[in-house]
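J.: As they're listed, the protein sequences go chains V and H. Okay, so the first sequence: first residue is 24 according to this note's numbering, each after it adds one. Okay, so the second sequence: first residue is 24 according to this note's numbering, each after it adds one.
Hints are computed from structural coordinates only; laboratory data are not their basis. Possibly wrong hints are sitting among the right ones.
Given that identical chains are not distinguished, each listed pair holds provided it fits within a single copy or across any two copies.
Unchecked claim - List time: in silico DSBU-like cross-link candidates among lysine-lysine, alpha-carbon distance up to 30 Å:
hint: 1; residue 1: Lys-161; residue 2: Lys-431
hint: 2; residue 1: Lys-161; residue 2: Lys-229
hint: 3; residue 1: Lys-360; residue 2: Lys-431
hint: 4; residue 1: Lys-322; residue 2: Lys-136
hint: 5; residue 1: Lys-136; residue 2: Lys-157
hint: 6; residue 1: Lys-167; residue 2: Lys-312
hint: 7; residue 1: Lys-167; residue 2: Lys-360
hint: 8; residue 1: Lys-136; residue 2: Lys-312
hint: 9; residue 1: Lys-312; residue 2: Lys-322
hint: 10; residue 1: Lys-161; residue 2: Lys-203
hint: 11; residue 1: Lys-322; residue 2: Lys-167
hint: 12; residue 1: Lys-157; residue 2: Lys-203
hint: 13; residue 1: Lys-157; residue 2: Lys-167
hint: 14; residue 1: Lys-225; residue 2: Lys-157
hint: 15; residue 1: Lys-312; residue 2: Lys-157
hint: 16; residue 1: Lys-229; residue 2: Lys-136
hint: 17; residue 1: Lys-203; residue 2: Lys-431
hint: 18; residue 1: Lys-203; residue 2: Lys-225
hint: 19; residue 1: Lys-312; residue 2: Lys-161
hint: 20; residue 1: Lys-203; residue 2: Lys-167
hint: 21; residue 1: Lys-136; residue 2: Lys-431
2 protein chains.
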Amino acid sequence: MSETAQEMTGAEALVGTLADNGVTACFANPGTSEMHLVTALDREPRIRSVLCLFEGVATGAADGYARATGTPAMTLLHLGAGYMNGGANIHNARRAHTPMINVIGDHATYHTKYDAPLTSDIMGLAAPNSIWIKSVDKVSNAGKLASEAYAASFGPAPGPVSLILPADSAWEPGGSRGPKVTPPSLRAPDSNALDAAADALKAAEKPAVIVNGTALMGEGLVAASKLKAAGVRVLTDTFYPVQERGAGRFMPDRMQYFAEAAISDLEGSDLMVMAGTQTPAAFFAYPGKPSLLVPEGCKAMSVGSYEIDSAAALAALAEAIGASEAAPAMPLSLPDKPSGELDAFKVGMAIARHLPEGAIVSDDGVSNGLMTYIPTATARPHRWMMLTGGAIGQGFPLAVGAAIGSDKPVLCLSGDGAGMYTNQALWTMAREGLNVVNVVFVNHSYRILQIELHRTGAGNPGPAARSMLNLDGPEIDWVDLARSLGVEGHSAHTGEEMDAALERAFAEGGPHLIAAHVPG
Amino acid sequence: MSETAQEMTGAEALVGTLADNGVTACFANPGTSEMHLVTALDREPRIRSVLCLFEGVATGAADGYARATGTPAMTLLHLGAGYMNGGANIHNARRAHTPMINVIGDHATYHTKYDAPLTSDIMGLAAPNSIWIKSVDKVSNAGKLASEAYAASFGPAPGPVSLILPADSAWEPGGSRGPKVTPPSLRAPDSNALDAAADALKAAEKPAVIVNGTALMGEGLVAASKLKAAGVRVLTDTFYPVQERGAGRFMPDRMQYFAEAAISDLEGSDLMVMAGTQTPAAFFAYPGKPSLLVPEGCKAMSVGSYEIDSAAALAALAEAIGASEAAPAMPLSLPDKPSGELDAFKVGMAIARHLPEGAIVSDDGVSNGLMTYIPTATARPHRWMMLTGGAIGQGFPLAVGAAIGSDKPVLCLSGDGAGMYTNQALWTMAREGLNVVNVVFVNHSYRILQIELHRTGAGNPGPAARSMLNLDGPEIDWVDLARSLGVEGHSAHTGEEMDAALERAFAEGGPHLIAAHVPG
Chain V
24 MSETAQEMTG AEALVGTLAD NGVTACFANP GTSEMHLVTA LDREPRIRSV
74 LCLFEGVATG AADGYARATG TPAMTLLHLG AGYMNGGANI HNARRAHTPM
124 INVIGDHATY HTKYDAPLTS DIMGLAAPNS IWIKSVDKVS NAGKLASEAY
174 AASFGPAPGP VSLILPADSA WEPGGSRGPK VTPPSLRAPD SNALDAAADA
224 LKAAEKPAVI VNGTALMGEG LVAASKLKAA GVRVLTDTFY PVQERGAGRF
274 MPDRMQYFAE AAISDLEGSD LMVMAGTQTP AAFFAYPGKP SLLVPEGCKA
324 MSVGSYEIDS AAALAALAEA IGASEAAPAM PLSLPDKPSG ELDAFKVGMA
374 IARHLPEGAI VSDDGVSNGL MTYIPTATAR PHRWMMLTGG AIGQGFPLAV
424 GAAIGSDKPV LCLSGDGAGM YTNQALWTMA REGLNVVNVV FVNHSYRILQ
474 IELHRTGAGN PGPAARSMLN LDGPEIDWVD LARSLGVEGH SAHTGEEMDA
524 ALERAFAEGG PHLIAAHVPG
Chain H
24 MSETAQEMTG AEALVGTLAD NGVTACFANP GTSEMHLVTA LDREPRIRSV
74 LCLFEGVATG AADGYARATG TPAMTLLHLG AGYMNGGANI HNARRAHTPM
124 INVIGDHATY HTKYDAPLTS DIMGLAAPNS IWIKSVDKVS NAGKLASEAY
174 AASFGPAPGP VSLILPADSA WEPGGSRGPK VTPPSLRAPD SNALDAAADA
224 LKAAEKPAVI VNGTALMGEG LVAASKLKAA GVRVLTDTFY PVQERGAGRF
274 MPDRMQYFAE AAISDLEGSD LMVMAGTQTP AAFFAYPGKP SLLVPEGCKA
324 MSVGSYEIDS AAALAALAEA IGASEAAPAM PLSLPDKPSG ELDAFKVGMA
374 IARHLPEGAI VSDDGVSNGL MTYIPTATAR PHRWMMLTGG AIGQGFPLAV
424 GAAIGSDKPV LCLSGDGAGM YTNQALWTMA REGLNVVNVV FVNHSYRILQ
474 IELHRTGAGN PGPAARSMLN LDGPEIDWVD LARSLGVEGH SAHTGEEMDA
524 ALERAFAEGG PHLIAAHVPG
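Pulled out of the complex, with its shape left as it was, chain V reads as follows:
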């Protein structure tokens, strides 16, 4: 790479700056306007460039990479259309508060006014899901803005940032690298809020703490277990970015998905303290049902939302109320080998038996995910990553990023409907030789919608409505689909087959896909 300011292009300055700041992966789907970025990446050995055949794979992978490593990855997207293709998983990353640097190529600045076919309002399209967005207006700013973008992705609350690079700012010489910056940490919780919450916890008869963020990892879980031992119920959000769980870890309860179940579960609580999250709301509104998941008569208060270090908040609360004993951690307890006709719980049993120590789980299992979540509570220690933004199709991409960001084995759980959104990720798993075992729950339906149809009171479905919720004509052959993209596919119809397929897949390494045929 050209090292002098005179010779360095804007693309080289941008890429070099991100590498200087510790970015080690770029998930890319380039086009003509990004060719100088592609060759700049070519000359930057510190960044691993990973080709994705659809931008939603690239952005979901960047999310998984950051959840596994704590540091942002870079994506390379082709103008507004490329950004939109990656948009649903950027939405999910925004809701996960994942740092992510989306580098979006644009036409040369002087070319935009001629309204060529790919011209679009990138700033307008990307702003709603970007916590920071700027365009490299001139080549000399490329490095400086890359430093800014890197720092901005850490927040106050982390999230996706957008750095637009017009083609002339990419290809012109005159770039120079921006500074290495120290990313801001999550904020310490406010001491007044902590004092108030501690007083309220002491006074409450049946208090609960709702947690997300750093409280779900390491010392955060230790502090959570102390609160639990002192009589404070600890619940996580229904969906969270990542949690350490399994043997040796304290496992908090989890907010229920359905609003009426969540309220019923919390019934009788007189205090809810939010730490690292906001007041929980129902995933959807339903006619005549409450939106906020706070029971009547229960006081809700907060010690800080996504911008705070919730682990520190729990530790402070535990100390303030004199909670020093930890509640028991989960024992290691593996289920018996499942047998007979397969169902989601038997899939979960097999997974609990074979999930390797230190594994990372990418959960986009939708209606079947819970049946795997429960039996893995006492499995070998692992990390669990969830769909926080509700836009299904995140599972495979997130697994790609987690596998590239870590040397850990990855398990991906996907519904068949969810998996179809981003099946292109399987190809990247094969190309990069990633240790990802994909379990697809094959029930040939959008089963969650069959449940939701009735819950929303939309009436009895006729043939047309039923056909909108079924994937059964034709049935998708996931084994063939995986093989066509270079991933070995297996099919399981019984507990025994599921158990054997998982054992073999983890033992062999590399990408595998197991089609788990479960009731619809």
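Chain H: place on chain V using the hints.
T.: Chain H only, in chain V's frame:
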């Protein structure tokens, strides 16, 4: 369906209004917030509901439907994330000036403030690519706004509109149908502009007319041929929404794709008159190359852009300059059967031989499309649809929509890179039993980018850059991929195999995919 205003829900009012206005298809990927729309569609027999397993299929299909029929289809998208998944093909539709009604479900109005996981700024995300956008603020407006949306999709220049339907506006009673509206026609060209252009054409030595829109169909082509016979060169935009071509039709020239070739082709022209389009610009900017495709010394003028009836403009110009004789139409002339190792031109020969009369072609063939375009100039009469917005991944979805909108056989041309963006469309072809023959040019590369890398002067690619442009590890097995989604797949390595596969596929009907193995 409940027919009284008191009993009709907002969802029923919206769907009924669109059906009253002649909308006959809904391409849908619903979620929980759209359940009342799903059951309203269930009770509306005039609208065919078509499930798509990814929203980019739904929006591309709506585009193809409208290009084949001239009337908009409805899509059903799930909040901001669903909109973004469909966004690239909405961008393409905007650039094609296709009428389209995107119905986007949203949270209940009272639920939004709680910031549930799928909450997003739908208005902000959708506005840049919508020529009209409104949200159904109260149930009583659902029908009225559906009428407005339908009319707005026709322009002045047609395009995609966005109608946001919050869940409470969908499920509450109190809706009533909006009026049947007469969609606005394209504008008549301005007579002063026509007079000035006619004078300039008469005075010019080497004039050219650049056309798009209605000039590419029926009487428009007849008028174009008269101009041609009178010494005016007629060229279409490089990419256009739809053109009638083949035997019996006048075939205009076509603007070249690469900027330097386009300029060179027009060299010596002293006048360019734009009709139904804007001044042509290079697809991308390249260092040191011009953006506008107007040679030096050539005067550029316009008789109106996408909002005018360009067929009427050409007819008026022909009359004004006294051009009454038509230039010869294309003869019917079919190539010999291709033989030997397959290449793109041999694919084109086989297609020219077997393309059925009246067929519709969806061209997302990228670097290989031209080799099919040339030999089909003298094939049986057909319509050709192109990628106008540059966001690849439109081919399969456009073909879905064209096949549902018409009873014509459809041929889809797709690059292998392009096809991977929206391979889910194959499943919808199988489910709906569509007469679509898909030809995928399999060269295991983003070949266009290999060309563009050099043209942009981005330098010699090293291994990382080359790997960003190659799809060869692993090779995608398109025959297996198609079969896994319910579509019969065939493989062709020779001209003979290609010819036989095409002949059989068109004869059998239903969806087929032919993997055409061409040099990379």
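J.: Compare the structure with each hint and give your call.
T.: A quick look at each hint next to the structure:
1. Lys-161 x Lys-431: neither (41 Å within a copy, 51 Å between copies)
2. Lys-161 x Lys-229: neither (59 Å within a copy, 41 Å between copies)
3. Lys-360 x Lys-431: within (24 Å within a copy, 55 Å between copies)
4. Lys-322 x Lys-136: between (56 Å within a copy, 19 Å between copies)
5. Lys-136 x Lys-157: both (19 Å within a copy, 27 Å between copies)
6. Lys-167 x Lys-312: between (50 Å within a copy, 28 Å between copies)
7. Lys-167 x Lys-360: neither (56 Å within a copy, 60 Å between copies)
8. Lys-136 x Lys-312: Answer is between; shortest inter-copy Cα gap is 16 Å, intra-copy 50 Å.
9. Lys-312 x Lys-322: For Lys-312 and Lys-322, the Cα distance is within 30 Å only inside one copy (19 Å; across copies 66 Å).
10. Lys-161 x Lys-203: For Lys-161 and Lys-203, the Cα distance is within 30 Å only inside one copy (20 Å; across copies 51 Å).
11. Lys-322 x Lys-167: neither (46 Å within a copy, 43 Å between copies)
12. Lys-157 x Lys-203: within (19 Å within a copy, 45 Å between copies)
13. Lys-157 x Lys-167: within (11 Å within a copy, 39 Å between copies)
14. Lys-225 x Lys-157: neither (47 Å within a copy, 50 Å between copies)
15. Lys-312 x Lys-157: Result: close only across copies, 27 Å inter versus 41 Å intra.
16. Lys-229 x Lys-136: So Lys-229 and Lys-136 pass the 30 Å test across copies only (28 Å; inside, 63 Å).
17. Lys-203 x Lys-431: within (29 Å within a copy, 60 Å between copies)
18. Lys-203 x Lys-225: Answer is neither; intra-copy 45 Å and inter-copy 65 Å both fail.
19. Lys-312 x Lys-161: between (53 Å within a copy, 19 Å between copies)
20. Lys-203 x Lys-167: within (10 Å within a copy, 56 Å between copies)
21. Lys-136 x Lys-431: neither (48 Å within a copy, 39 Å between copies)
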